[in-house]
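Number of protein chains: 2
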Amino acid sequence: MADKVLGTLTEREFESQPEVWGAVLDRRESSPFQDVERVVVFGSGTSYYLALLLADLLRTGLGLDAVAQPSCEVWIHPERTLKNPQTLFGVAVSRSGESSEAVLAARTLNDLGGRVLAISCHADSTLVKMADQVLLVPEGAEEGLVMSRSFSSMLLAVQKIVMGESGSNLNALPAAARRVLDKCEKPLKQLAHKTDFQRFVFLGSGVNLPLTQEAALKMQEMAIVTSEAYSALEYRHGPKATAGPDTLVTLFAWDSHRAEQRQLLKDLHGYGVTTLVIGENLDDLAAVSDARVELDSGLDETGRLALNLLPVHRLALETARRLGRDPDLSQNLTQVVRLAST
Amino acid sequence: MADKVLGTLTEREFESQPEVWGAVLDRRESSPFQDVERVVVFGSGTSYYLALLLADLLRTGLGLDAVAQPSCEVWIHPERTLKNPQTLFGVAVSRSGESSEAVLAARTLNDLGGRVLAISCHADSTLVKMADQVLLVPEGAEEGLVMSRSFSSMLLAVQKIVMGESGSNLNALPAAARRVLDKCEKPLKQLAHKTDFQRFVFLGSGVNLPLTQEAALKMQEMAIVTSEAYSALEYRHGPKATAGPDTLVTLFAWDSHRAEQRQLLKDLHGYGVTTLVIGENLDDLAAVSDARVELDSGLDETGRLALNLLPVHRLALETARRLGRDPDLSQNLTQVVRLAST
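Sequences listed follow chains S and W, in order. Read in order, the letters of the first sequence are residues 1 to 342 in UniProt numbering. Read in order, the letters of the second sequence are residues 1 to 342 in UniProt numbering.
Every clue listed holds true.
One copy or two, either will do: identical chains are not told apart, so a pair holds if it fits within one copy or between any two.
Here are the computed lysine to any residue pairs in the SDA-like style, where the Cα-Cα straight-line distance is at most 25 Å: (1) K129 / Q335; (2) K83 / G61; (3) K266 / L339; (4) K189 / D326.
Just so you know, these hints were derived from the structure itself, not from any lab.
From just these sequences and the hints, can you work out the full model?
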């Protein structure tokens, strides 16, 4: 048992993303968002962070009035989260289609007269069977505990629909994903073993912001470590109190305001923090960061969204292995969260 | 020096909240929200979490189309955060009125044709001088590093305006605050010293949700400890992976769905977690929690919002003292965050 390699199932699943993305991008789906104006996207955990990204795509790409909510807030507080429900289009996100809270939230909106689109990897599920419309992404299905390719596959399926004709740009992603996964394996393994990091912080801005929360969750679920997520410059307003030599800060760099990002990275070095930058055209941040992963996709910030998490999957796995933890069997967790009381 | 009592300035300021609230509630302000429809409220750190609460009050209390943003997201990505800026009413929150990012965000909206209301404790400040309208709350001003009474005073000043005639209900708050502060001092000191907690988690739902983020920040700033914040039932979807005997979970209990809150608290006990519940009419959660603070205000969830943080101020102070840390002089922090690069 001492020689068992930890997290092999999780690793196989996140390493399969280039092929899985290729299959997702080959499909032709008609848009489920025609004649839609007001949208609430909901999910739990990773699916909630995906909901935040999807709401953003629907706002910026289709001009819809879209917000995201955790499924539990929809179900518990419909009077707050489902205003004018008859004209509200619900988008329920659940890998399994069996998450109690997604089902309860969808049912709540249905009962109030709103329609529901289910986005899921499993056709034969409670959520999919009850929904008015369905966007199935079976390519993303997983046996593992944590969501990696299911997250990116459901993201890409919606991105392709939202981008319409320019969605063909996304065809560059599978090859770019293969390159990123291959080139980050060794340096991120080294980084994860560099020192006994106690604290992992993820910073981003704009379209990248929900990625910080999903990245922090991956570290918690896979390596059982402390992690935090903030809008990049918010980190200075308090949370940096805990920053020190035991802290690894990962910045999802955005394309504008590089001077401010340089200053932030410099400040972090002053506290003894180690920094990793993930993004595109990072030469101007090289002198002020400890490690970088160039995504090298040629796509804009929105188009290359899914690439940003690939290095995080590797970092979380190698951190888990350093600590002797198995992401395939994380403590306290189950694949589907079912509420005992409902 | 070994006998120095730590955090005396911070303690004096948060203990002064009952008197300060009384002064704030005695004032008569005309509403700055007349003829307003679309609002973006922004701030940084504690002021961002206050912005989230204020946007919620404007939505639910006045029916406005209000959202909150971190100041940096407004300033860095106006094309994403300031849609149709000419008809957008900005509300800039800054204790000092000197936070670089609040000033930059306000200027950005002004330049795009939108009006700005400044909410601040300091009349003689950059933000107040440049704003189109001002809501001054000088009673909340602080010498300390962390925001306690400034947060609650600015919150109450807006709450009173939003509630209109029913705002007189808030007059019960100063006496209730005194009772809460007095009764929680001893038990929360005991709780903070109960064991060597390594992880502090705050859970809430609905109107309480932004309180979880502000509470987590108070622990980071005052005690330099790890803290996290989630919508209560979201905690099951991943973050609980790190929960264990070194974890203190504080639940801001809400009035509905007590069966689900009981089940959550029971599950947490199963992981060895210690639990503290803050709320009203908590008898039905007594058997499944380790400690409780009854707010005992007779007000609804919105009316009693500000009371919830009083026990957190005490918990953070006593945790800092246990760890030998001084909240009056927290590492890495300054009272006002100014950007070097702007």
